[in-house]
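Peer 1: Residue numbers (this note's numbering), protein chains in the order written: chain A, 1 to 457; chain B, 1 to 343; chain C, 1 to 397.
In short, the hints are calculated from the structure, not lab data.
Don't take every hint at face value.
[To be verified] DSS-like mimics (lysine-lysine), calculated; alpha carbons at most 27 Å apart, straight line:
1. B/Lys-338 / C/Lys-232
2. B/Lys-77 / A/Lys-324
3. C/Lys-157 / A/Lys-169
4. B/Lys-77 / A/Lys-413
5. B/Lys-128 / C/Lys-232
6. C/Lys-232 / B/Lys-124
7. A/Lys-343 / B/Lys-77
[Stated by the list, open to error] DEER-style ranges, computed between Cβ atoms:
8. B/Ser-164 / A/Lys-324: 26 to 36 Å
9. C/Leu-158 / B/Ser-164: 50 to 60 Å
10. B/Arg-330 / A/Glu-424: 30 to 40 Å
11. B/Thr-329 / A/Asn-222: 40 to 50 Å
12. A/Glu-385 / B/Asn-90: 36 to 46 Å
13. B/Ser-164 / A/Thr-446: 48 to 58 Å
14. A/Tyr-436 / B/Val-87: 53 to 63 Å
Built from N, CA and C at the ideal position, the CB exists for glycine as well.
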Amino acid sequence: MSKSNFTRRSLLKTSAVAGVGLAAPTIFTASSASAFANDPTDSSTVTLGFNVPQSGPYADEGADELRAYQLAVEHLNGGGDGGMMQTFSSKALQGNGIMGKKVEFVTGDTQTKSDAARASAKSMIEKDGAVMITGGSSSGVAVAVQALCQEAGIIFMAGLTHANDTTGKDRKANGFRHFFNSWQSGAALAPVLTKAYGTDRKAYHLTADYNWGYTTEEAVRNSTEALGWETVNAVKTPLTQTDFSAYITPVLQSDADVLVLNHYGNNMVNSLTNAVQFGLRDKMVNDKKFEIVVPLYSELMARGAGKNVAGIFGSQNWDWKLQKQLGDRFVGTDAFVQSFGEKYGFPPSQAAHTCYVQTLLYADAVERAGSFAPCAIVEALEGFEFDGLGNGPTLYRAEDHQCFKDVVVVRGKENPENEFDLVEIVEVTPAEQVTYAPDSPEFGGTAATLGQCNDGA
Amino acid sequence: MDAIILQILNGLDKGSAYALIALGLTLIFGTLGVVNFAHGALFMIGAFCAVTISRILTFSHEVVDETRTDFLGNPMKVDVPYIHSIVGQNAGDFMIDWAVPLSILFAIPVMIGIGVIMERGLIKHFYKRPHADQILVTFGLAIVLQEIIKFYYGANPIPTPAPSAFRGSFDFGAFLGMDANSIIYPYWRLVYFAFSLVIIGAVFAFLRFTTFGMVVRAGMADRETVGLLGINIDKRFTIMFGIAAAVAGLAGVMYAPINSPNYHMGMDFLVLSFVVVVVGGMGSLPGAVLAGFLLGILESFASMSEVLELLPGINQIVIYLVAIIILLTRPRGLMGRKGVMED
Amino acid sequence: MLGMTRKDAMMLAIVAIVALLAPFILNPFPVDSGFAQFNAGYPDLMQRFAIFGIFAIGFNILFGLTGYLSFGHAAFLGVGSYAAIWMMKLLTTNILPGMVMGIIVAGLFALVVGFISLRRSGIYFAILTLAFAQMSYALAYSVLTPITGGETGLQLKLNDARVLDAPLAPGERADANLFGIDMTSSYDLIVGGWQFTFNAGYYIAAVVLVLAFYLSIRIFRSPFGMMLRAIKSNNTRMTYTGLNARPYALAAFVISGMYAGLAGGLMVAMDTQVGPERMFWTASGEVVLMTILGGAGTLIGPVLGAGLIKYMENIISKINSSILHEWFYWMPDGLEDFVITLIYPFVGKGWHLTLGIVFMLVVIFLPGGLVEGGQRIKRLFESKKARKTSDQTTPAE
Chain A
1 MSKSNFTRRS
11 LLKTSAVAGV
21 GLAAPTIFTA
31 SSASAFANDP
41 TDSSTVTLGF
51 NVPQSGPYAD
61 EGADELRAYQ
71 LAVEHLNGGG
81 DGGMMQTFSS
91 KALQGNGIMG
101 KKVEFVTGDT
111 QTKSDAARAS
121 AKSMIEKDGA
131 VMITGGSSSG
141 VAVAVQALCQ
151 EAGIIFMAGL
161 THANDTTGKD
171 RKANGFRHFF
181 NSWQSGAALA
191 PVLTKAYGTD
201 RKAYHLTADY
211 NWGYTTEEAV
221 RNSTEALGWE
231 TVNAVKTPLT
241 QTDFSAYITP
251 VLQSDADVLV
261 LNHYGNNMVN
271 SLTNAVQFGL
281 RDKMVNDKKF
291 EIVVPLYSEL
301 MARGAGKNVA
311 GIFGSQNWDW
321 KLQKQLGDRF
331 VGTDAFVQSF
341 GEKYGFPPSQ
351 AAHTCYVQTL
361 LYADAVERAG
371 SFAPCAIVEA
381 LEGFEFDGLG
391 NGPTLYRAED
401 HQCFKDVVVV
411 RGKENPENEF
421 DLVEIVEVTP
431 AEQVTYAPDS
441 PEFGGTAATL
451 GQCNDGA
Chain B
1 MDAIILQILN
11 GLDKGSAYAL
21 IALGLTLIFG
31 TLGVVNFAHG
41 ALFMIGAFCA
51 VTISRILTFS
61 HEVVDETRTD
71 FLGNPMKVDV
81 PYIHSIVGQN
91 AGDFMIDWAV
101 PLSILFAIPV
111 MIGIGVIMER
121 GLIKHFYKRP
131 HADQILVTFG
141 LAIVLQEIIK
151 FYYGANPIPT
161 PAPSAFRGSF
171 DFGAFLGMDA
181 NSIIYPYWRL
191 VYFAFSLVII
201 GAVFAFLRFT
211 TFGMVVRAGM
221 ADRETVGLLG
231 INIDKRFTIM
241 FGIAAAVAGL
251 AGVMYAPINS
261 PNYHMGMDFL
271 VLSFVVVVVG
281 GMGSLPGAVL
291 AGFLLGILES
301 FASMSEVLEL
311 LPGINQIVIY
321 LVAIIILLTR
331 PRGLMGRKGV
341 MED
Chain C
1 MLGMTRKDAM
11 MLAIVAIVAL
21 LAPFILNPFP
31 VDSGFAQFNA
41 GYPDLMQRFA
51 IFGIFAIGFN
61 ILFGLTGYLS
71 FGHAAFLGVG
81 SYAAIWMMKL
91 LTTNILPGMV
101 MGIIVAGLFA
111 LVVGFISLRR
121 SGIYFAILTL
131 AFAQMSYALA
141 YSVLTPITGG
151 ETGLQLKLND
161 ARVLDAPLAP
171 GERADANLFG
181 IDMTSSYDLI
191 VGGWQFTFNA
201 GYYIAAVVLV
211 LAFYLSIRIF
221 RSPFGMMLRA
231 IKSNNTRMTY
241 TGLNARPYAL
251 AAFVISGMYA
261 GLAGGLMVAM
271 DTQVGPERMF
281 WTASGEVVLM
291 TILGGAGTLI
301 GPVLGAGLIK
311 YMENIISKIN
321 SSILHEWFYW
331 MPDGLEDFVI
341 TLIYPFVGKG
351 WHLTLGIVFM
361 LVVIFLPGGL
371 VEGGQRIKRL
381 FESKKARKTS
391 DQTTPAE
């Protein structure tokens with residue numbers, strides 16, 4: 001959004017110039033009062049835009065994200081117990097808002113559709129003067145809103161988005177992702193899977209037929225095949241599929257002994273439920289027990305699948321039991337769970353965690369940069385190393401704005417005590433094992449660039 | 001061979017859900033002439049009847065267990081269902097386990113009630129209005145029903161398992177004298193198939209062999225004349241609406257263990273059920289059932305990887321492609337009657 | 001005047017004036033007031049009003065005149081969008097070629113779909129169009145990913161070809177523009193506590209809207225329009241008089257498909273990205289609802305319907321509990337909580353509920369849609385005059 005004071009005269013002049021040749025440079029620049037979009041300098045408050053799914057299948061996940069955002073705002077403004085601000089390695093945040101300005105927020109509904117998400121984000125930018133947009137629960141939305149923020153000169157802190165593309169071929173200078181990605185899931189899962197199930201396994205993939213599904217299948221395939229697994233078959237399933245029986249029965253017929261469900265959301269709930277219905281969990285193939293793997297776990301979705309998740313491997317960005325079980329490497333987790341639990345009565349999901357952390361990271365970057373200007377914030381976040389936000393030592397890589405940190409490998413519990421305790425932590429794959437070159441082919445290769453940061457004015 | 005038998009089973013199973021929904025829809029849509037966009041919502045409410053019953057049965061009071069702690073380190077509160085203190089622990093657990101079949105008893109009166117209220121309170125005034133108005137009002141109603149469910153149950157799917165007696169699979173292979181375990185099929189899906197056949201049979205028998213059904217069929221063919229004969233056709237149509245709602249609801253109740261219900265599931269089935277009804281032919285009950293099974297089976301075959309290698313993406317579009325071909329070759333669908341909803 | 005009756009010219013003038021003054025009309029509340037939440041005068045929403053207005057006007061030419069209910073119109077919008085963004089990626093970021101290409105491609109697609117679907121009528125026609133749209137959606141989401149970008153859609157990239165444009169200077173971005181006027185450039189007028197935003201993109205969309213509206217008036221009043229109405233009122237009789245209705249219906253179908261393509265192209269021009277959900281059946285259903293809600297077969301109805309639905313989607317959905325608390329802070333605590341508990345289910349994440357209720361209320365009490373509501377109010381005023389002059393009221397369209 002450029003707020004330019006163009007006069008009638010300059011308008012006429014530009015049209016005349018452009019009328020001469022279509023190929024004339026097309027950027028309309030004009031002098032402007034402030035140096036960047038939605039500059040809050042003259043205001044006593046600063047507005048953040050929380051753009052989460054509030055209707056559609058991801059509405060509950062969106063609700064959890066919103067809870068985390070509200071908690072983060074409370075902590076930034078000095079309320080509550082401060083949560084992870086106490087454990088965060090950077091001490092720039094004072095609990096007096098951001099740079100002394102009280103933090104306010106607006107909310108919107110992405111409907112998990114890119115058009116609706118962009119409309120909502122635009123209204124936050126154009127109408128409410130938001131300086132930062134964050135949230136979302138799918139990669140389609142994240143990529144769309146990230147591109148919008150790049151054009152508008154606003155910082156985008158992605159919520160839950162797992163596809164490689166967000167920080168791969170569609171990476172943008174103004175966009176940052178704390179959540180992990182498909183490739184990291186594959187790299188983290190493969191060693192744990194081969195340790196648990198042996199290297200002599202035959203895998204059958206069911207893959208959601210869209211970008212995220214493709215990248216996840218590719219990641220899991222490549223990393224398991226490198227450790228000796230064989231991929232028997234990979235079948236794509238429509239996003240709108242609800243009953244997966246027709247895709248499950250061929251698995252029974254094949255000689256595969258592992259089923260990988262590259263599904264998320266309702267797809268995952270339904271395909272997993274169906275797979276268990278067809279007795280895959282009790283099956284013996286090649287004298288081995290048949291196993292099911294779900295590369296990306298979500299606590300909320302696991303709740304939808306109920307008892308069917310028992311014993312099923314998957315990966316997560318974070319889990320609320322990390323610090324309790326694995327000690328102080330994951331410091332911050334307990335502080336966050338404590339203040340979230342006190343406020344809402346149940347433990348936070350990984351979506352809530354990543355959204356809370358993103359808000360804190362943004363606020364901290366503003367404080368360290370000493371400015372709300374997007375380019376200053378980009379500079380402060382690029383290559384930023386931090387700790388104490390629940391994931392252990394973490395790096396925001398400068399080349400692609402992806403966070404590098406440990407990946408949690410989890411397994412569905414056999415006897416969960418309640419609906420918030422559905423998974424147990426199996427292992428944590430250290431960050432080095434899930435680090436890749438910024439120009440690797442899965443991430444758009446050398447053609448993928450961040451472009452220049454955009455201040456928007 | 002096994003693979004083909006399995007896909008036929010899958011198709012029949014999927015088809016029985018389509019057929020049940022289409023059957024109810026065609027009672028309203030193909031015969032009363034009302035475009036009912038709330039039909040998917042009725043299916044969804046049926047599934048949530050099952051969720052509600054299992055919620056009621058597991059309705060609990062909290063007992064503080066000092067020996068365990070919760071995630072914040074406070075003493076753990078353990079939920080103890082009230083039903084345990086009413087009928088004892090074993091009987092209580094048995095009822096909780098059998099919640100889904102028990103819900104049928106609950107769903108029938110609830111769904112008939114919803115159907116009758118809908119017809120008397122809303123649809124009745126729309127028989128003579130254009131189809132466009134019917135679409136708008138029933139779509140509005142569908143959204144309202146959906147949002148009410150979302151408000152109370154959230155947007156996440158809610159697992160609603162079948163009774164433990166029905167978990168596991170039936171071994172067709174051994175049954176047919178082939179290799180054991182070559183063709184296995186989950187019990188609950190077989191139950192669903194059988195259940196749908198019973199319901200479809202019951203609806204047909206009701207319309208064919210009772211005086212009531214005869215009058216309704218006459219009313220479908222020529223409402224005015226039947227009315228002139230002094231028969232109160234309106235009342236009978238109200239009851240038909242109730243029955244249609246009950247059929248959709250029962251399809252939903254029994255579907256709950258197959259896929260965890262969520263508030264959105266009705267919309268997922270809505271478009272499909274319209275396609276099934278139209279492919280079957282407007283105003284034809286057998287057509288709706290036939291089209292339901294046919295499209296179910298075709299969808300299953302299209303998802304086989306052998307087929308997908310030949311025609312990538314065919315699983316995405318097969319139903320619509322078949323619908324187009326059928327409608328172009330048979331102007332009124334498989335078994336449609338002339339003049340119904342053609343204007 | 002311009003081939004229109006005085007009444008139509010008046011209506012066109014009103015539409016043009018409202019479109020011109022939209023930044024004022026839609027921003028009635030000062031920025032800092034509690035009611036600023038209801039302001040809709042920001043560029044994105046104004047653009048959407050215009051775009052969906054065009055989409056609904058086009059849909060109404062088919063549905064309102066011929067009575068053919070297409071349930072797959074979003075496919076044309078989507079195809080138009082994809083065509084437009086490819087033009088912007090390959091040729092130039094000037095929006096004109098994209099919009100023209102959007103209209104052409106959507107028109108051609110509509111020709112194919114219409115030619116096949118119009119072999120059937122009534123509900124059979126609706127299902128045929130629905131089937132085509134659902135296939136387009138499913139394929140765009142999955143197997144056509146190389147062309148459509150799949151789930152993540154298509155956006156403008158720095159390394160796009162843009163053969164007609166000069167190479168970008170370092171740091172420069174490729175933004176949608178019309179001969180150098182950036183779609184996003186705006187002028188803010190601050191008067192007292194009020195802020196009015198005049199956005200270049202919006203005014204371009206508004207000009208297109210007014211042109212589209214003018215064209216639709218001409219079609220409604222032309223002999224061609226009469227012929228389309230004849231299809232609706234009595235198809236059989238028309239056939240008996242020796243006229244073949246099909247070519248007329250097909251022409252209407254293609255025209256309305258081109259309107260959808262134009263809307264799709266404009267959407268890309270205003271907001272340079274396309275995703276496949278644009279073609280999902282709910283999007284097709286939305287334009288049907290817009291048209292019926294406003295008043296099918298009336299000139300202005302579809303635009304009103306589009307405006308109402310988009311307003312609810314973008315404004316009501318943003319009201320969260322902290323905003324409610326701001327509004328009602330002056331109440332005693334208990335009452336405040338009570339009032340908020342009552343309102344909360346209908347706003348924010350509950351905006352769909354309000355939408356559903358509005359649909360039902362409008363169709364129950366205003367069978368002719370919002371236009372009928374307007375006419376009733378008008379009649380209420382006129383009836384006072386009518387007592388003196390016993391003037392007849394104008395019948396509904």
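Peer 1: Does each hint hold? Answer for all of them.
Peer 2: Checked hints:
Using a Cα cut-off of 27 Å, the hinted pair B/Lys-338 and C/Lys-232 holds, with the two alpha carbons roughly 19 Å apart. With a CA separation close to 20 Å, the supplied pair B/Lys-77 and A/Lys-324 stays within the 27 Å bound. For the hint linking C/Lys-157 to A/Lys-169, the alpha-carbon distance of about 10 Å falls within 27 Å, and the restraint holds. With a CA separation close to 20 Å, the supplied pair B/Lys-77 and A/Lys-413 stays within the 27 Å bound.
As the CA atoms of B/Lys-128 and C/Lys-232 are separated by approximately 17 Å, the hinted pair is consistent with the 27 Å bound. Among the hinted pairs, C/Lys-232 with B/Lys-124 is consistent with the structure: their alpha-carbon atoms are about 25 Å apart, no more than 27 Å. Note on A/Lys-343 and B/Lys-77: the hinted pairing holds, with a Cα-Cα distance of about 17 Å set against a maximum of 27 Å. B/Ser-164 and A/Lys-324 have their C-beta atoms about 33 Å apart, which keeps the hinted 26 to 36 Å range intact.
In this structure the supplied range 50 to 60 Å holds for C/Leu-158 paired with B/Ser-164, their Cβ-Cβ distance being about 59 Å. Range check, B/Arg-330 to A/Glu-424: Cβ separation about 56 Å, and the 30 to 40 Å hint is violated. The given range of 40 to 50 Å is respected by B/Thr-329 and A/Asn-222, whose C-beta atoms sit roughly 46 Å from each other. At roughly 58 Å, the beta-carbon separation of A/Glu-385 and B/Asn-90 lies outside the given 36 to 46 Å, and the hint is violated.
Under the hint 48 to 58 Å, the C-beta atoms of B/Ser-164 and A/Thr-446, about 56 Å apart, fit the expected range. Range check, A/Tyr-436 to B/Val-87: about 59 Å between beta-carbon atoms, so the 53 to 63 Å window is met.
Hint compliance for this structure: hints 10, 12 are not met, and every other hint is.
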